[in-house]
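**Q** Per this note's numbering, the sequence shown runs over residues 165 to 311.
These aren't lab readings, by the way, just hints derived from the structure by calculation. Careful: at least some of the hints might be erroneous.
Pairs of lysine to aspartate or glutamate residues, derived as DMTMM-like cross-links and limited to a Cα-Cα distance of at most 20 Å, are as follows [claimed, not checked]: (1) Lys299 to Glu229; (2) Lys208 to Asp271; (3) Lys303 to Glu209; (4) Lys208 to Glu250; (5) Lys204 to Glu255; (6) Lys299 to Asp256; (7) Lys303 to Asp274; (8) Lys303 to Glu250; (9) Lys208 to Glu229; (10) Lys208 to Glu236; (11) Lys303 to Asp271; (12) Lys303 to Glu255; (13) Lys204 to Asp256; (14) Lys208 to Glu255; (15) Lys204 to Asp271; (16) Lys204 to Glu236.
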Amino acid sequence: MKNISKIILVLFTVFTISCSNDELGNVDLGEYYGPYIHFKSGAKEVIPAGDTLDIPVSIYVPQWENFTVQYELRGSYSQTGTFTVESGNREDLLQLIIPVNPSITSDVVDTLFLVSATNGVTIGRQNVSSNNIIKKPIKIIAPDSGE
Numbered sequence: 165m166k167n168i169s170k171i172i173l174v175l176f177t178v179f180t181i182s183c184s185n186d187e188l189g190n191v192d193l194g195e196y197y198g199p200y201i202h203f204k205s206g207a208k209e210v211i212p213a214g215d216t217l218d219i220p221v222s223i224y225v226p227q228w229e230n231f232t233v234q235y236e237l238r239g240s241y242s243q244t245g246t247f248t249v250e251s252g253n254r255e256d257l258l259q260l261i262i263p264v265n266p267s268i269t270s271d272v273v274d275t276l277f278l279v280s281a282t283n284g285v286t287i288g289r290q291n292v293s294s295n296n297i298i299k300k301p302i303k304i305i306a307p308d309s310g311e
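I would like the entire structure built from these sequences, with the hints used as guidance.
**A** The structure is reproduced here in structure tokens:
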């Protein structure tokens, strides 16, 4: 009977120690988040009007099928467009083409937004600012600004 009591005491102690609070706090491994896409960086990009700019995006959880992302440039050079992310990619490029607009004679800073995505992919990861970069400043240099 003494051995059974000792075994029960040891098991109880092991169980109690293994159930103690996690001293590291709430560790988020992302296992409860679905696939999302965001800009790789929130830093300002610079492009002369009339050129093309490749902007890197990151995809959390690669998808087994292609999906389409809609973007919107808001400001002086407003435009909307889409690009397709190939299945299996964790990174891709949004190709932004800025046309020359003769009525704009000075440099401007527009904002590029990721707006929506298809096939269950969301835009940005909510509540995690480092993974929620869904807008990006784009400085557009006017053709005759001399810069």
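**Q** Tell me the hint numbers this structure goes against, listed in increasing order.
**A** 1, 4, 8, 9, 12, 15
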